[in-house]
Amino acid sequence: MKINDLTELAVRNLRESVLRNSLTTIGISVGVASLVAMLSLGIGLQQLASRRLVKSGLFDTVVVTSRRDLRNFGREEQRNGPAPGESRILDEAARREIEQLPNVLEAHPDIRFITELRYEDNPHLTMIAALPPSAKSNDAFDGIPGGFFSSDTAPEVIVQKTFAEELLGKTPPAGADETKATDLAAPLLGKELTMRYAQRETTPADGTVSAEDRQNNLAGNAYSVVSRELKLKIVGISDLDPETMRGPTRARVFLPIKLAESLHVMQPTDLREISRSAADQPVYSSLSVRVKNPTRVQPVEDAIKKLGFTTFSILDATRSLRQFFAVLDLFLGIFGSLALAVASIGIVNTLVMAILERRREIGIMKAIGASDGDVKKLFFAEAGAMGILGGFVGVALGWAIGQAINFGTNIYLKRQDVPPEHFWAVPWWLVVGAIGFAFVVSLLSGLYPAGRAARLDPVQALRYE
Amino acid sequence: MTSIPGNSQDKNTIAIHTEELCRHYRMGETFIRAVDGISLQVRCGEFVALLGSSGSGKSSMLNLIAGLDRPTSGTVLVQDRDLARLSREELAKYRLHVVGMVFQSFNLIASMTLAENVELPLRFAEVERGKRENLVREALQRVGLRARMNHRPSELSGGEQQRAALARALINRPQLLLADEPTGNLDSRTGTEIMDLVREFNQKLGMTVVMVTHERALAEQYAQRMIFLADGKLVDDRMVDDRIKDRADFKPAAIPAASGLKGERP
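First to last, the protein sequences are chains A and B.
Quick note, the numbering used here runs 42 ahead of the 1-based positions in the first sequence.
Quick note, the numbering used here runs 1048 ahead of the 1-based positions in the second sequence.
For the record, the hints were derived by calculation from the structure and aren't laboratory data.
All C-beta atoms, glycine included, are put in the ideal place defined by N, C-alpha and C.
There may be inaccurate statements among the hints.
[Claimed, not checked] Per the computed footprint, the stretches of chain B lying under chain A, defined by three or more beta-carbons under 8 Å from a beta-carbon of chain A, are:
#1 1114-1123
#2 1131-1142
#3 1251-1263
Using the sequences and the hints, build the whole thing.
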């Protein structure tokens, strides 16, 4: 029988026992709805979590270091990357090379140093870190009081809230309510800080290098350290808490990256660099590489390792997070599928009843030329039609349930003064998948009844009243 | 009215041939020989009546010829097809294209209109939708039900239902019409209408007809040949004398002694 004839007959048969078939279809719908509702909650929560993580700027960052760096000796990186002797120098050429790798957004040197900042003649010692322009979209700097740096080289700073409190002498006692960043912004924005720092100046080789030093490749790497001062304007106050994992660790003042690079601030690692850098280009102790998408971190890490560097990312942390969500989705999916499993028993029941009721009809069809296959396909088509119909209704129902719960929860969140969140997601693949799953489950449920109907002996079936 | 292709065969060609045909089965403790070694031949275009009392095996015989049942032993050849050797799929094709069947209880599908009932074999035969409509209309026209094609069986009289069943049996232009007590549920006037149609199919379309009945008068009036069964065995096989049919005071003779269903322990 042709497929359109099958469908037509199946739909006609379903219409004949409209109550029973509707109830069965509603059963499937409820099953699909529960599956969709459960999974969309899981997916929504996962998307919410990963949106937050991506915005934090931690999970799409790979930190690249050179194994030659002494600080790696005997430390965690031993397992990770080439032997120290084979590792390459992390210089400007390497940075460019890394930046050209697929899926890499940018690679910028990690510049951080401890120095003294004077505000209204009071010295404050703190860690300063450089920020690339891309940090603007990081949720630590997104929408802060004031704003982001006006340019990559502007003599401007963003200060962290606790440092701002320190500058104003307003450090709240432990346990007290936090001061809002906006309250600190008013007296500080536009004010000047004077940064005192040690600048490293390369001195040309003067021929006094000993033969031993030359052998150790030290020639031309002598430098002197000069004390400098720079006036910086406060342009923003960040809420970012340096004590948490979010954002550059423990820095409380941030500079634009090009400005920081141009300062040639003496860094702790500089002492070691004299032993290796022969060329006259900058050498970095570490690079922060931003990846387009957290899911691409692993391939980028692998590619950088191939170049001969050591990498580190918080991917391991996300891995366990993803594992958690996979398990959560699995459990939610299983609970959702349970209802569908119950519904599938309904399909079997309905079709077995239909065989009993239509036994004579099956006999007639066989007598006038229907093959076993025709009868089987007809029952399959009926099961499939119920499945598809139930799938569509179920997805709509599940979506509606999701919307309702989302709406209700957001009202609750609003009352609790928490910004509304969208923790409910019904991606297209879930829609297609749920309908497909309902269809497949229905066909599987139809397997036994269809086989039974096809095997009916026409002579017996025709005798049945 | 055109004859059905393949039916214009020589009247001497054998349409149905059975040889020592047996259909035995067990019903609980009882072993039943429904058909017990019947050998017969039916020529193309012949109108044969299978007569016998209840349980004589005439319906079982018809089911074997229709390919609805398989013989326990012996052979049944229809148009040179050995039905015992056909697969289930091939038997379904055979029932679809070679055989048209009508039953005592009409066996129309109650949820379908007449047109849909008549169309059903065409769906199984995968005939195109456009062609189907014409064929259905033509078939219903032939049995005088064109005007009622959109009615459901329950809205029709018994005679009309049986006519619709005849239209359905005819729709795939089969070579063989098998009728199982076609007038059993009808009054005599309606029964005559139906039998006239069957005779028309036999004479004008050249269809071979095998009709099961227990009414000897009906058989004598319409069939060319009567085969009597009793206890699954062939007890008599005779041609109907044409003169009987013309007699004004025609009264059917008694059916030869048949002892009804007889059980036998294996």
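Note to self: Using a Cβ cutoff of 8 Å, are there at least 3 residues of the region 1131-1142 of chain B near chain A, or does the coverage claim fail?
What the structure shows: Answer holds; 4 residues pass the 8 Å Cβ test.
Check: Counting residues of the region 1114-1123 of chain B with a beta carbon closer than 8 Å to any beta carbon of chain A, are there 3 or more?
Finding: Coverage by chain A holds for the region 1114-1123 of chain B (3 residues, Cβ < 8 Å).
Item checked: Coverage claim, chain A over the region 1251-1263 of chain B, checked by counting residues with Cβ within 8 Å (three needed) -> With 0 residues closer than 8 Å to chain A, the region 1251-1263 of chain B misses the three-residue bar; violated.
In the structure shown, a violation is registered for the earlier hint numbered 3 alone.
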